[in-house]
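Enquirer: If you want the building blocks of each chain, they are given just below.
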Amino acid sequence: MPCVLRVTSDEAKYLIVMVRSEQIRKLLSKAAGIAVLLAGGLLAASLCFGASDNPSQLPSIFDARSTPTKWIGHLSYFVLSITGLIFVVVFSLLAYAVVKFRKRPGDDGREPAQVYGSNQIELAWTVIPILIVVVLFLATARVIHSIQDAPKPENAVEVAAIGHQFWWEFRYPQLGVVTANELHIPVSAAAHPMPTFLTLLSADTDHSFWVPQLAGKTDLIPNRVNHMWMDPYQTGIFLGQCAQYCGTQHAKMLLRVYVESPQEFATWIHAQQQPAVLDENVAAGKRVFETTACINCHAVGGSVADGRFGPDLTHLMSRQTIASGAAENTKENLRLWIQKPDAIKPGSLMPAMQLSNADLDALVDYLETLR
Amino acid sequence: MSSDAIAIPNAGTEARPWVEVVHEWVTTVDHKRLGILYMVYALMFLVVGGIEATIIRIQLMRPHNDFVSPQVFNRMFTMHGTTMIFFVVIPVVFGFANYLVPLMIGARDMAFPRLNAFSFWLTAFGGFLLYFSFLGGNGLYGAGNAPDVGWWAYAPLTSRAFSPGHSSDYWTIALLVAGFGSIGTAVNIIATVLSMRCPGMTLGRMPLFAWLNMFMAGLVILAISPLTAAQAMLCVDRYLGGHFFDTQAGGSATLWMHFFWIFGHPEVYVLVIPAFAFASEIIPVFSRKPIFGYPVMVGATACIVFLSLSVWAHHMFTIGMNSYANSFFAITTFAVGVPTGIKIFNWLGTMWGGKIQFKVPMLFCIGFLFQFLIAGLTGIMQGAAPFDWQLTGSYFVVAHFHYVIVGGILFALFAAFYYWYPKITGRMLNETLGILHFCLFLIGFHLTFDVMHIPGILGMPRRIYTYEPRPGWGTLNLIVTIGAFIQGVAMLVFVVNLVYSYFKGPKAGNDPWDAWTLEWSVSSPPPPYNFASIPVVASRRPLWDLKHPEDPDSRYE
Chain E
474 MPCVLRVTSD EAKYLIVMVR SEQIRKLLSK AAGIAVLLAG GLLAASLCFG ASDNPSQLPS
534 IFDARSTPTK WIGHLSYFVL SITGLIFVVV FSLLAYAVVK FRKRPGDDGR EPAQVYGSNQ
594 IELAWTVIPI LIVVVLFLAT ARVIHSIQDA PKPENAVEVA AIGHQFWWEF RYPQLGVVTA
654 NELHIPVSAA AHPMPTFLTL LSADTDHSFW VPQLAGKTDL IPNRVNHMWM DPYQTGIFLG
714 QCAQYCGTQH AKMLLRVYVE SPQEFATWIH AQQQPAVLDE NVAAGKRVFE TTACINCHAV
774 GGSVADGRFG PDLTHLMSRQ TIASGAAENT KENLRLWIQK PDAIKPGSLM PAMQLSNADL
834 DALVDYLETL R
Chain S
2 MSSDAIAIPN AGTEARPWVE VVHEWVTTVD HKRLGILYMV YALMFLVVGG IEATIIRIQL
62 MRPHNDFVSP QVFNRMFTMH GTTMIFFVVI PVVFGFANYL VPLMIGARDM AFPRLNAFSF
122 WLTAFGGFLL YFSFLGGNGL YGAGNAPDVG WWAYAPLTSR AFSPGHSSDY WTIALLVAGF
182 GSIGTAVNII ATVLSMRCPG MTLGRMPLFA WLNMFMAGLV ILAISPLTAA QAMLCVDRYL
242 GGHFFDTQAG GSATLWMHFF WIFGHPEVYV LVIPAFAFAS EIIPVFSRKP IFGYPVMVGA
302 TACIVFLSLS VWAHHMFTIG MNSYANSFFA ITTFAVGVPT GIKIFNWLGT MWGGKIQFKV
362 PMLFCIGFLF QFLIAGLTGI MQGAAPFDWQ LTGSYFVVAH FHYVIVGGIL FALFAAFYYW
422 YPKITGRMLN ETLGILHFCL FLIGFHLTFD VMHIPGILGM PRRIYTYEPR PGWGTLNLIV
482 TIGAFIQGVA MLVFVVNLVY SYFKGPKAGN DPWDAWTLEW SVSSPPPPYN FASIPVVASR
542 RPLWDLKHPE DPDSRYE
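Going down the list, the protein sequences come from chains E and S.
Residues in the first sequence are numbered from 474 upward in steps of one, following my numbering.
Residues in the second sequence are numbered from 2 upward in steps of one, following my numbering.
The reader is advised that the hints may include incorrect statements.
Said to hold, decoys possible - In silico DSSO-like links for lysine-lysine, alpha-carbon gap of 30 Å or less:
hint, chain 1, residue 1, chain 2, residue 2
1, S, Lys360, E, Lys576
2, S, Lys548, E, Lys576
3, E, Lys576, S, Lys356
4, E, Lys625, S, Lys360
5, S, Lys360, E, Lys573
6, S, Lys505, S, Lys360
7, S, Lys356, E, Lys573
Simulated from the structure, these hints should not be mistaken for lab results.
Values in this document were obtained by computation on a predicted structure and should not be read as measured data.
Generate coordinates for the entire structure from the input sequences, incorporating the hints supplied.
Expert: Have a look at this one:
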């Protein structure tokens, strides 16, 4: 019968400690370097992508341009360093064990010391994680409270965002502005903070407002009112999209946030507050618009069209994209969108309008005047 | 204890009509046969779910791809998730529990053999019903097909207004039926473990496999019930004029979310605790040491079971709960990481000081340890609610949970297949093919799921059939897709190994791994009655005591 080495719990502890002190230090430093490189590599890879020519075009969560995302960023670096450290320690132990305690060729076939456990070691690796949890929780709760319970200042810009399948409605109730898909907000300098507070609603299914550089995502849930805020400290165009599956065209419910200087924002607001441009030259197209089903879904300020199912078209040409970011706002795309929406966004709720070519051309000419 | 077989008169050497063989399998109440039925069923659906995943990955390998339409894509991710969770992982863990728990506790069968069979066929029928939706989902309206509402089927997307036709009904009813099957098996496992252990096997001497499957079964009963209730409420909404989730009529979308995630989070522990059970049996044998800290392993799993019932709304951090609610779920989420981490340390402690043999089951277990560690840490990251406000709903969380399910659970499952296949079939799986399977799958897995974290960080949401050409998104998604194909090849190697070894594998004998639990005391495959005479045990490792009579475990614990 092979002889079996049997140790008590105390002897096992001694053996383990002995083995540890000699080799662990050496291996830990080596493995730490490798593991940190590995763990950091992932982060570095993603941060690298931020360094492109047009930084705003990459909606990276680590490219914070607003206070909530900055705070989230700090918390995430803290959490990443703790989890990174845990990974390095545990991975090193695993790598060490796999190498050191492998069965060697020419092994004598004896079973190793049958160790059943160790109360002290198990207590240690229970208490330390509990302490880590406490620290993580305190850091987390602090940021939750700072973001969610931030008071709304007097001069905050108020926007109601209403989610639809598959587009965004934006209303500025105090300014009398209704628009769609492209949100304009003022930059919020440290000296003169001017944050934007959004009220989030939905007309149909669940959606989620996610512009990674400006704020964490918050859902738009029907029959519920949610709130979020952002205070971008740089101008630019920031991209995002719906982040809660809402149906067939969830993928193309894109978001654009234009952060502008206070003057540019005021100019934009003023332009949006005007009724629709009335151009005599496109009367034929306006007639097509007002005598087909268009007015059932769309609104054009100052005309008979006051449908609310689809985007407000009063200042359609002030937007750079149509179909909630699915296509550039060009004459060809606009024509195609009305004639055959499935070519741009199959499954969207815009119907193919079945217009003759002549009517369609006139209609597009009319829409092109809605600046 | 005797492992002599009792001769069965007229034990079939002559060929029997295939109808008779099929009838025997369809009407069996033998836990071993039902276990095999569950496992084969799960493997079939693993292939189907894998095909769905491949379609998803081909569509996403470059921006604005048009491999499939958005409608088909949305059905694919819905069916992929639903299939993998309800008709792959749950059946396969039930299969292993069914096969092994009676053998490990020295019993002849489960407590309720006919309930066992009934539960299997309920689950099987549920799967077929779900897939019938591809054909029958058109119903009276000519609308709908396979369900396309996501595997969580959030309200009000599932209301008649937004999901016409019957596709959502197939999702609801198939899972409702399969849920009853799961509850039946769970009841059976608990009753078996509590009342059918052989003489001498106190609860404290039971293999961890039996403990952990009992915990899993308890969680099934607690978790499936709210899902079944919610599905019944959804049926009432859709057909009986109810408005539970009908927001147009004042109902609540968040009500569905709470019900679903009170099921959904414990559900993922239902999936992972059996993986822990596999690791807890396999790692000791290939380290040649007993499990380190058996009582703490039991206690930690009990803690996980309880704590997992308190974390569900970490799937709902973005729905607009107040800061106190978000903080509560953040701390419970962090807390559940403590017992989970303890288990990783105990497995490490088992390997420490051992003589590790790198047989294929152990290779997969080491992969499981490494990957489950990472998966747990990305879970902790998302427990920090503000960080989750960025990460949830993106490819980061998709990478996280696939890391748990594929990198953790599937790796442990592969280890279990290689470890217990000899017991079930009497033949060893081919070692070379096994190593090839492991290496290919490891490479493919890491290529896909390590890289997949990055698009999430760069702002790519989940459940999108296409995406804009943002910097990096296309290249990263292409790499993810390549990794998926490599994993597909690895799966092919595995299936070839399973089939080839069944016919040509070397005979295994009773105990090819020199292991210590009772299933290795009987022949491979075991006789229908399992044990000629019921064993009597005096320790946690009865076969160790037999092999080392001068130094039995019973002297020490």
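Enquirer: Decide, hint by hint, whether the structure agrees.
Expert: Do the hints match the structure? See the list:
For the hint pairing Lys360 (chain S) with Lys576 (chain E), the CA-to-CA distance comes to about 11 Å; that is within 30 Å, so the pair holds. With a C-alpha separation of about 20 Å, the suggested pairing of Lys548 (chain S) with Lys576 (chain E) holds against the 30 Å cut-off. Distance hint between Lys576 (chain E) and Lys356 (chain S) is fulfilled; the C-alpha atoms sit about 5 Å from each other, no more than 30 Å. The suggested pairing of Lys625 (chain E) with Lys360 (chain S) is violated, with an alpha-carbon distance near 62 Å, which exceeds 30 Å.
Among the hinted pairs, Lys360 (chain S) with Lys573 (chain E) is consistent with the structure: their alpha-carbon atoms are about 17 Å apart, no more than 30 Å. For the hint pairing Lys505 (chain S) with Lys360 (chain S), the CA-to-CA distance comes to about 20 Å; that is within 30 Å, so the pair holds. For the hint pairing Lys356 (chain S) with Lys573 (chain E), the CA-to-CA distance comes to about 9 Å; that is within 30 Å, so the pair holds.
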